[in-house]
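Each chain is listed here by its residues.
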Amino acid sequence: MNMPSKPSRLRGERVTLAHGGGGRAMRDLIEEVFTGVFRPESGEDQARLSSDALQVPGARLAFTTDSYVVTPVEFPGGDIGKLAVCGTVNDLAVGGAQPLWLSASFIIEEGCEIALLHRIVASMAREAEAAGVKIVTGDTKVVEKGSCDTVFITTSGVGVIPPGRDLGAVHIRPGDVAIVNGVLGDHGATILAARGDLALSAPLQSDCQALGHLMAAVAGACPNLRAARDATRGGLASALNEMAEAANVSVELDEASLPLRPEVKGMCEILGLDPLYLANEGALVLFVPEAEADAALATMRALPSGRAAVIVGRATERGSVPVRMTSAFGGTRIVDMLVGEQLPRIC
Amino acid sequence: MCLGIPGQIVEITDEARLMAMADVSGVQREVSLAPVSDRPLADLVGEWVLIHVGFAMAVIDEHEAAETLEALRGLGEAQEALEAMEQGARAFDEPVRENAQ
Amino acid sequence: MRYVEEFRDPKAAKGVLAAIARVACEIGATREEPVRIMEICGGHTHAIFRYGLDKLVHEGIEFIHGPGCPVCVLPMSRVDECVEIAERPGVIFTTFGDAMRVPGSRKSLMQAKADGCDIRMVYSPLDALELARRNPDREVVFFGLGFETTTPSTALTIQQAARERIGNFTVFCNHITVPPPIKALLDDPHMKLDGFVGPGHVSMVIGIHPYDFIARDYGKPIVVAGFEPLDLLQSVLMVLEQIRDGRAEVENQYARVVPEHGNPVSLAAIAEVYEERPSFEWRGLGEIDASGLRIREAYRAYDAEAKFGIGYAVVRAKVDEPEGCACGAVMTGRIKPTACPQFGRGCTPDMPLGALMVSSEGACAAYWTYGGARVASETEPAE
Numbered sequence: 001m002n003m004p005s006k007p008s009r010l011r012g013e014r015v016t017l018a019h020g021g022g023g024r025a026m027r028d029l030i031e032e033v034f035t036g037v038f039r040p041e042s043g044e045d046q047a048r049l050s051s052d053a054l055q056v057p058g059a060r061l062a063f064t065t066d067s068y069v070v071t072p073v074e075f076p077g078g079d080i081g082k083l084a085v086c087g088t089v090n091d092l093a094v095g096g097a098q099p100l101w102l103s104a105s106f107i108i109e110e111g112c113e114i115a116l117l118h119r120i121v122a123s124m125a126r127e128a129e130a131a132g133v134k135i136v137t138g139d140t141k142v143v144e145k146g147s148c149d150t151v152f153i154t155t156s157g158v159g160v161i162p163p164g165r166d167l168g169a170v171h172i173r174p175g176d177v178a179i180v181n182g183v184l185g186d187h188g189a190t191i192l193a194a195r196g197d198l199a200l201s202a203p204l205q206s207d208c209q210a211l212g213h214l215m216a217a218v219a220g221a222c223p224n225l226r227a228a229r230d231a232t233r234g235g236l237a238s239a240l241n242e243m244a245e246a247a248n249v250s251v252e253l254d255e256a257s258l259p260l261r262p263e264v265k266g267m268c269e270i271l272g273l274d275p276l277y278l279a280n281e282g283a284l285v286l287f288v289p290e291a292e293a294d295a296a297l298a299t300m301r302a303l304p305s306g307r308a309a310v311i312v313g314r315a316t317e318r319g320s321v322p323v324r325m326t327s328a329f330g331g332t333r334i335v336d337m338l339v340g341e342q343l344p345r346i347c
Numbered sequence: 001m002c003l004g005i006p007g008q009i010v011e012i013t014d015e016a017r018l019m020a021m022a023d024v025s026g027v028q029r030e031v032s033l034a035p036v037s038d039r040p041l042a043d044l045v046g047e048w049v050l051i052h053v054g055f056a057m058a059v060i061d062e063h064e065a066a067e068t069l070e071a072l073r074g075l076g077e078a079q080e081a082l083e084a085m086e087q088g089a090r091a092f093d094e095p096v097r098e099n100a101q
Numbered sequence: 001m002r003y004v005e006e007f008r009d010p011k012a013a014k015g016v017l018a019a020i021a022r023v024a025c026e027i028g029a030t031r032e033e034p035v036r037i038m039e040i041c042g043g044h045t046h047a048i049f050r051y052g053l054d055k056l057v058h059e060g061i062e063f064i065h066g067p068g069c070p071v072c073v074l075p076m077s078r079v080d081e082c083v084e085i086a087e088r089p090g091v092i093f094t095t096f097g098d099a100m101r102v103p104g105s106r107k108s109l110m111q112a113k114a115d116g117c118d119i120r121m122v123y124s125p126l127d128a129l130e131l132a133r134r135n136p137d138r139e140v141v142f143f144g145l146g147f148e149t150t151t152p153s154t155a156l157t158i159q160q161a162a163r164e165r166i167g168n169f170t171v172f173c174n175h176i177t178v179p180p181p182i183k184a185l186l187d188d189p190h191m192k193l194d195g196f197v198g199p200g201h202v203s204m205v206i207g208i209h210p211y212d213f214i215a216r217d218y219g220k221p222i223v224v225a226g227f228e229p230l231d232l233l234q235s236v237l238m239v240l241e242q243i244r245d246g247r248a249e250v251e252n253q254y255a256r257v258v259p260e261h262g263n264p265v266s267l268a269a270i271a272e273v274y275e276e277r278p279s280f281e282w283r284g285l286g287e288i289d290a291s292g293l294r295i296r297e298a299y300r301a302y303d304a305e306a307k308f309g310i311g312y313a314v315v316r317a318k319v320d321e322p323e324g325c326a327c328g329a330v331m332t333g334r335i336k337p338t339a340c341p342q343f344g345r346g347c348t349p350d351m352p353l354g355a356l357m358v359s360s361e362g363a364c365a366a367y368w369t370y371g372g373a374r375v376a377s378e379t380e381p382a383e
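Residue numbers (full-length UniProt numbering), protein chains in the order written: chain A, 1 to 347; chain B, 1 to 101; chain C, 1 to 383.
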């Protein structure tokens, strides 16, 4: 790991406002904690990126940005840094882009442990390398205690969409099948347990993972791959609602096929939550024509991030509601968008 | 009203405060055994209880559950038998149609 | 046995549904003249919609959704009082998540939290007590909400606080009881009901005999039911069989959890900590005699009403329900949620006007979320 080898010039174990003051202390923090690990090629104020990948006629740039806040910042299966890299890589990947470069901007709360920052940055570097992206530019700001919660990270990402590839929910047609790459709700349930205020413990881990390689493989195996979304905040239910609306189709879900761990189901039973709305950080849902479903499943299942890939439903002609689910019991119900966040309930 | 779910008592965690660890599908939470403390606490380990807002409100009666299920399954099997008979009768009455789905 | 999946078996469901259809035909129930069965408990309402039971049962069965959702029957004035307590300096106001979005006349608890009040959602009153232990310099108030199922938990928590002499913990008691509103409904001349599905988890505390008057005095069948779909279907079947046989009895479908005489420890704790209020206000139903509980004098130190001088103990300004809100008529089964002029217009889960749209157990929210209203208009694809 790229930990600093020479003695640290950073005084103390915590970030102070001096580390954001623009002077020597800030330079030391940036060099020791950030650039020493990310090793951006440009020492200037901007990253300088090769346009080689764009020289192919018809290639397009994909560009996305997202901010990451999570309590606690470290949780089973990941941390805020891993989340920030995977989330932005996934936002590029589900659009059919090959993720190439990321920026990373940190808002750090006064008093944040420097050792924690080291861990977060190491985790980002590890994820970036595995996903084949470079963190090429960034920024840090230090704010007074109470102005943020430990650390907030904003990552932006640039990728390249190869010529001829055009994924989008508008391409979904009745008859297409919906496939998810793995179990649902692990991240949301893990965070609920990790917060500690509900005093629940479960052997769960966040599903936080980068999906670039998985998307590249599926796009290669399925020439008519229609669209993909990562089912983050709002869970599978929200992703499917958005896609169905955009495509003007309805989606019929089969409850029995949903991949859910018993612990996630248990957590939902205890708190009165619906796992369809729990957040994921490494789960996507994609639509392919029925004829390409087997190819998609086989391709996904051959990769670690798609081992539990399964068909969960299909698109139909537009009915009165965007998403509906048939229970194993035979009844059907609407799967709506959430109004706000799901709250634990006792009734 | 009143979300209640079955969980299994795995161990007594604080005898004085009548607290125990309960397991619901692999999720663990400390619950109060106070409502079911009219029997020896040690006897409750391994029992299934009905949990509501962190309290074990009732010990689930396995025998009663089995009886209810038996009655329900009986109705299911009776219906299956009935449907099989009806199908048999139809097959007997009606000539076999071609291209039946 | 895990006591969950077993009671969701589709094969058994087919059998019960067929039996329901047979008995419904025998007693002449039709779509035009249905048998009207009230599920008292909001948890049952939720399960009916979640599993689509209303669409699976014979068309001659109509479910009327009862008043058994503590959040839905909570008057606005009580939410206002919660906000008032939460706004006091030094207070940590704790509540079940259910109450967060219920509109008050000024604001909901969610809005009060955004405005800076320290409001925390907890899973158990024990967690609120733990907060009091950890924050001895703060005043921790727990919003005691719910029917007899939940009442023992706050009674036992207050007893625990008393044993430990914790001085910074109080309960804002809004506990209510099930039998009085049922009696009020049965006394309503407009109410047409043929039978009841009784609340399983309330009954595990109080037993089945508090419902004797329903069968004895009003001649209506009632079957105490569990919460899995097979439990509910079996209970509907049992109600229908009583009607067919000309019986009116209190039966117990949920015997695996509900003892005939309830839970003695819980009943004793309730009796020691709480006493009946002369009357209590229910949203949509008005004041109902002896339907609410308050904390006894002996536990006054744990009573938020006493400590903050708020609530039924003081003269209260009457807070009117919002204009056009028909929650009362829906709750008494006089109209379906969709017949409310505000349903889906002035009142949606995004901007709830009445409480029935807020709680996931509220009939309106259930209609909206699980599509009773919107799917009804849709032609089902041919099987």
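These are calculated hints, taken from the structure and not from any lab test. Keep in mind that the hints are not guaranteed to be accurate.
[Said to hold, decoys possible] Listed next, the stretches of chain A that the computed footprint assigns to chain B, with coverage defined by at least 3 CB atoms under 8 Å from CB atoms of chain B:
(1) 105-119
(2) 263-277
[What the hints assert, rightly or not] Beyond 12 Å from chain A on every Cβ pair, some chain B residues (computed):
(3) D23
(4) R29
(5) E30
(6) L41
(7) D43
(8) E47
(9) V53
(10) E62
(11) A66
(12) E83
(13) A84
(14) A89
(15) R90
[What the hints assert, rightly or not] Heads up, simulated DSS-like pairs for lysine-lysine below, C-alpha to C-alpha not over 27 Å straight-line:
(16) C:K192 <-> C:K55
(17) A:K145 <-> C:K192
(18) C:K14 <-> A:K265
(19) A:K265 <-> C:K11
No residue lacks a Cβ here, since even glycine has one placed at the ideal position from N, Cα and C.
Hints and how they fare:
Requiring three or more residues with a Cβ within less than 8 Å of a Cβ of chain B, the coverage given for the region 105-119 of chain A is violated, as only 0 such residues are present. Requiring three or more residues with a Cβ within less than 8 Å of a Cβ of chain B, the coverage given for the region 263-277 of chain A holds, as 7 such residues are present. Distance to chain A contradicts D23 (chain B) as a non-interface residue, since its nearest Cβ pair spans about 8 Å, not more than 12 Å. Not every C-beta of chain A lies more than 12 Å from that of R29 (chain B), the closest at about 5 Å, which undercuts listing it as non-interface.
A cut-off of 12 Å between C-beta atoms contradicts the statement that E30 (chain B) is not in contact with chain A; the least separation is 6 Å. The Cβ of L41 (chain B) lies farther than 12 Å from every Cβ of chain A, with a closest approach of about 20 Å, so its non-interface assignment holds. The claim that D43 (chain B) lies off the interface holds: its Cβ sits roughly 24 Å from the closest Cβ of chain A, which is beyond the 12 Å cut-off. Remark: the non-interface label on E47 (chain B) is consistent with the geometry, its nearest Cβ contact in chain A lying 18 Å away (cut-off 12 Å).
Here V53 (chain B) does not stay apart from chain A, with its beta-carbon only about 5 Å from theirs, under the 12 Å limit. With 12 Å as the threshold on Cβ separation, the claim that E62 (chain B) sits away from chain A holds: the shortest Cβ distance comes to roughly 20 Å. Against the 12 Å criterion, A66 (chain B) stays outside the reach of chain A, whose nearest CB is about 21 Å from its own CB. Distance to chain A confirms E83 (chain B) as a non-interface residue, since its nearest Cβ pair spans about 15 Å, more than 12 Å.
Every C-beta of chain A lies more than 12 Å from that of A84 (chain B), the closest at about 19 Å, which supports listing it as non-interface. At roughly 25 Å, the least C-beta separation between A89 (chain B) and chain A is larger than 12 Å, which holds for a residue marked as non-interface. The beta carbon of R90 (chain B) sits about 23 Å from the closest Cβ of chain A, which is more than 12 Å, so the claim that it is off the interface holds. Taking the CA atoms of K192 (chain C) and K55 (chain C), the gap is near 21 Å; set against the 27 Å cutoff, the hint holds.
In summary, the hint linking K145 (chain A) to K192 (chain C) is not supported, as the alpha carbons are separated by about 62 Å, beyond the 27 Å threshold. A distance of roughly 25 Å separates the Cα atoms of K14 (chain C) and K265 (chain A); the hinted pair therefore holds under the 27 Å criterion. In summary, the hint linking K265 (chain A) to K11 (chain C) is supported, as the alpha carbons are separated by about 22 Å, within the 27 Å threshold.
Going down the numbered hints, you'll see the structure goes against 1, 3, 4, 5, 9 and 17, while the others check out.
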